[in-house]
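Take the sequence shown: its position 888, counting from 1, is numbered 888 in full-length UniProt numbering, and each next residue is one higher.
Think of the hints as simulated: they come from the structure by calculation, not from any bench. Note that this is a predicted model, so its numbers are computed, not measured. Cβ coordinates follow ideal geometry from the N, Cα and C atoms, glycine included. Hints should not be assumed to be uniformly reliable.
[What the hints assert, rightly or not] Within a straight-line C-alpha distance of at most 20 Å, the following computed EDC-like cross-link-like pairs (lysine to aspartate or glutamate) qualify: (1) K108 x E80; (2) K392 x E424; (3) K428 x E493; (4) K334 x E374; (5) K238 x D254; (6) K1005 x D892; (7) K671 x E641; (8) K497 x E427; (9) K392 x E427; (10) K108 x E406; (11) K619 x D604; (12) K341 x E642; (13) K394 x D365; (14) K896 x E870; (15) K785 x E646; (16) K535 x E427; (17) K620 x E586; (18) K341 x E330; (19) K146 x E80; (20) K228 x E80; (21) K705 x E740; (22) K773 x E787; (23) K884 x D872; (24) K395 x E413; (25) K535 x E424; (26) K715 x D744; (27) K395 x E406.
[Said to hold, decoys possible] Restraint ranges, calculated between C-beta atoms of paired labels, are given here: (28) E586 x M1037: 46 to 52 Å; (29) N577 x E618: 27 to 33 Å; (30) S737 x D563: 56 to 62 Å; (31) D711 x E586: 44 to 50 Å.
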Amino acid sequence: MDEDRAESTVPSRVSLKSDRSKHGMIDFRSSDKIERGEHILSNWDQSAPPGESSCSQSGSRSGDAEIRPKQRSDLQEVIEGHKISLKRRCEHVTEGTHEAGSGTLLNKIYTELYITEGQSEEVDTQHEVRQLERTSKKNIQDTPIKCQDIFKVLSEQQRHIRVVLTNGVAGVGKTFSVQKFSLDWAEGLENQDISLVLPLSWRELNLIRDEQHSLLSLLHVFHPTLQKIRAEDLTVWKLLFIFDGLDESRFSLDFNNHQVISDVTQVSSVGVLLVNLIQGNLLPSALIWITSRPAAAYQIPPWCVDRITEVRGFTDSQKEEYFRRRFSDEDLSKRIISHIKASRSLHIMCLIPVFCWITAIVLEDMMTTDQRGELPKTLTDLYSHFLRVQIKRKKQKYGGKQRPEELTEADKELLLKLGRLAFEHLEKGNIMFYSEDLKQCGLDVSEVSVYSGVCTEIFKREIYCFVHLSIQEFLAAVYMFHCYTNRSINIMESFLKYYKQNPFSWFVGLYTNNDPVTSLDDFLRRALMKSLESKNGHLDLFVRFLHGLSLESNQRILGGLLDQMDSHPETIQKVLNNLKEENSDEISPDRSINIFHCLTEMKDQSVHQEIQEILKSEKKSERELSEIHCSALAYLLQMSEEVLDELNLQQYNTSVEGRRRLIPAVRNCRKAVLSGTFLSKSHWEVVASAMTSNPSHLRELSLSKNKSLTDAEVKLLSSAMMHPNCRLETLRLSHGSLSEISCDSLASALRSNPSHLRVLELSETKLQDPGVKLLCGFLQDPLCKLETLRLSYCSLSEISCDSLASALRSNPSHLRELDLSENQLKDPGVKLLCGFLQDPLCKLETLSLSEISCDSLASALRSDPSHLRELDLSLNKLKDPGVKLLCGFLQDPLCKLETLRWLHSSQKPKPASLLKGQQKGNTPLELKGVNPVRELTELLTDIKAIGSALCQAVGLFQNGIYRPGGRTALKSNLSHLRVLNLSKNPLQDSGVKRLCSGLESPNCKLERLRLINCSLSEISCGSLASALRSNPTHLRMLELNSNSLQDSGVTLLCGFLHFPNCRLETLRLSNCRLSEISCDSLASALRSNPSHLRELDLSENQLQDSELKLLSALVENPHYGLETLSQ
């Protein structure tokens, strides 16, 4: 499909050749997109019929035209006349030159484009080609909107759609959509409720930028068929204004400080008129449709826009439809489609209609003539052939003695002048040129018209542009390569100077900024360095073309345009090695991917093949990856149709720089683990873009132990979290350092988009009370659906408890897990928190606390006992009275507790400094760093509490008297407890004996029992074996590590393992002073009951392989269930 104007190749943030473009580099958004147009430069003279719209007339009127009185019956005549005029303008499009008779009916070749609601708002750090690649895999994600329906209200949407902003990369089909919409209206097929459709391109509006107009006179200028309409007609008709190509606008649109215009006859500057029209001050009932490249869309404030849509070009099926429509020869279209599918880069680029046209031109020429050689697979191949076809067509049109594909010196001189124009203005950021620009490059307008496929007049005021930015980049590369082969030292050196000290560690010391170019590899390396400096990647495709042109095969295609150089295989190999060894420590990982693409343009597939082998390998984590491997892997993972479940940088065997280069893959994964990695701003920008992309796959982001997060970078990520595309459900920032400023940014983000996050982990971040207070604004939001909040070791006090309790009481129904352990909350703080626990709407299931007593907690839990499933009171010095109070909760018939953690420590909690006790033989418990006698006394006090209160909780004692059949309230409640961990408490055999009476109860459904380092002997094994034989079917895991059980104890325990109803799957007996005798007993037990035990841990028992041979044989025997034997 060809548009009358090649869609804007102007950089989105600077349009035409504006003053802004002279002072900074333009932000080129996705650019390998091309719309129809057979020329390398495109013509936008709409060739309106005489008496109708023509920009050349625009200067003839600056005020209101005289309007003769007319009758109401004339209005329909005016509308019909406008429809006829609009139909004439839109029904034909041109493929190639704008010559008489070259137009094609739009409806004959039109292929539906893929348009979706919403847009990606990714950080503007990439060439449009790279953005196009990511767009190529989005088509299956969203529900498309037909062009004709963009103003229709969706079923779930009630508000009126007045202003629509349609985004799309250059050449993707925005203008074509406008033309199709207008034609369907003019033919009476669609949107007949609209009285007038009024297309106005920003290109045309630029030409009257400095004039004064009223809205009425503006319409008379651009739509002469409307001369008869009156001001009052505009206020009663339903109008649609279409402003196409905002990225080409040269207006400074000020939506905050401007004159208010509400009368269609009031005269002002054109810019002020447009602002008032878009804002709704002028004709508030009029519909407005604005099209733009993404980065220019910021000029329209979000509050002015009711709907944003994105044109994404062709889907795969639409690509095929285009080629079938274009070629009547079905076999030819099939061959072309097949070749495009075989080349990923060509297939991706064919998202863009104009690129489909270029591909069709080249492949048709190659497949229908007797040309020999390989069909193009790289972009350099394709564009070289395209230029050759243009040369051939020029020869056929204007004649000549040479063969069509041969270049004369005049041809060569002219094309290199065009290359110079392309290069100089690519550097400056200009994509549209004036006649004086052509003259500065030695070009005559008449010469340019001869190569209309390369350079064409846009307006009669002599403004020129290339059909697409990618063609400008290709010609610029041809020119720069010519400068190298002809030793144009001044031009080369001026371009190759870079603006900062070389950041590439392996380049340091090789040369200075002003060193002369010494060889091809030196030239290409320095050009690459220059391109990597760009913040927006505007030289990415240019430098890819440069590398592709270094191959003799591409030089031959151009037929003498470049002086062929003797590219020795050794030199080419050196260039390839340089690319593979490139180290870009300070460069964005998105920039680094272009190094991989340079290899592709040089037809080196080795890195790609190596990565494919690694992806197929079962031992991916063991394969060492170089930096270029990581860039290639990041690209392939990012482009994969399958979304990666988890990206964990630490799982890759590579350097720190290699891990950084993997960051772009975060855009195509559900979970990203970036813990402990030092990242810079450019890396965080990629992460932010992954959070805001459309669609965003990222659901879990782990940044734990990441010390590089500054306040500015937290703000960047927080801004991404505010974006409506962000669907993050889990955010982990533990073991970091969040300042109050960062907390404010994070809290603000969570308040603005509160409905998705489910897990927030901020443990060990030194959050402190002010930080928690800021976060509480998010917690009390009615839309907050947070389920897990972890704030352990955050230097919190009772002040935080007050803030949390207040916030959670106002929104109590969602939180399921709260971890406040290792904070100095003290009893007053817990008392405040208990107000939340007592709330009838509280649904908390997991609670972790330390540095508390049990009074308030027990009272709160008794008042609402039915939800809590896990209680972690580790590192609390709980005494008898507190434990007894807590057990009142355990005895409640409504108690559903499944996990109780009660790891003892006699020291104040500190990170990673839990007390470690180690039992050796029958020696007393050794406590590290404390007074053994004093602490042993305190521990025994705790054991007394456990022995009486806890055993009472499982129905063993009543009033201090053991009653094996006694029925307490809690005995019938044993069915809820699933996990019991009493490790590092010296229960001793007497404590275990009393505990085992509870295990015998038929109500006991315990699945995991941990008694590590509890001063147990063989006597405990006997008690446990007896209890478990009485109730054998529930226990799945038993951990008895670091107890002096010895062989005799294991023999007793095997009495349970022999039992047919035993369902134990994991048994851990590490450091239990065992010998070969225990191994034999265990082997015998497992042979008699082979199907259940999966894991057996006998480590730290000094067992030899020979002593374990019977057990090892069971692991290897498929008839036995044992899978893991640790020794």
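Hints versus structure:
no.	hint	verdict
1	K108 x E80	violated (24 Å)
2	K392 x E424	violated (26 Å)
3	K428 x E493	holds (16 Å)
4	K334 x E374	holds (18 Å)
5	K238 x D254	violated (26 Å)
6	K1005 x D892	holds (17 Å)
7	K671 x E641	holds (16 Å)
8	K497 x E427	holds (13 Å)
9	K392 x E427	violated (29 Å)
10	K108 x E406	violated (35 Å)
11	K619 x D604	violated (25 Å)
12	K341 x E642	holds (18 Å)
13	K394 x D365	holds (14 Å)
14	K896 x E870	holds (9 Å)
15	K785 x E646	violated (24 Å)
16	K535 x E427	holds (13 Å)
17	K620 x E586	violated (27 Å)
18	K341 x E330	holds (17 Å)
19	K146 x E80	violated (25 Å)
20	K228 x E80	holds (13 Å)
21	K705 x E740	holds (18 Å)
22	K773 x E787	holds (18 Å)
23	K884 x D872	holds (16 Å)
24	K395 x E413	holds (15 Å)
25	K535 x E424	holds (19 Å)
26	K715 x D744	holds (9 Å)
27	K395 x E406	holds (9 Å)
28	E586 x M1037: 46 to 52 Å	holds (50 Å)
29	N577 x E618: 27 to 33 Å	holds (30 Å)
30	S737 x D563: 56 to 62 Å	holds (59 Å)
31	D711 x E586: 44 to 50 Å	violated (21 Å)
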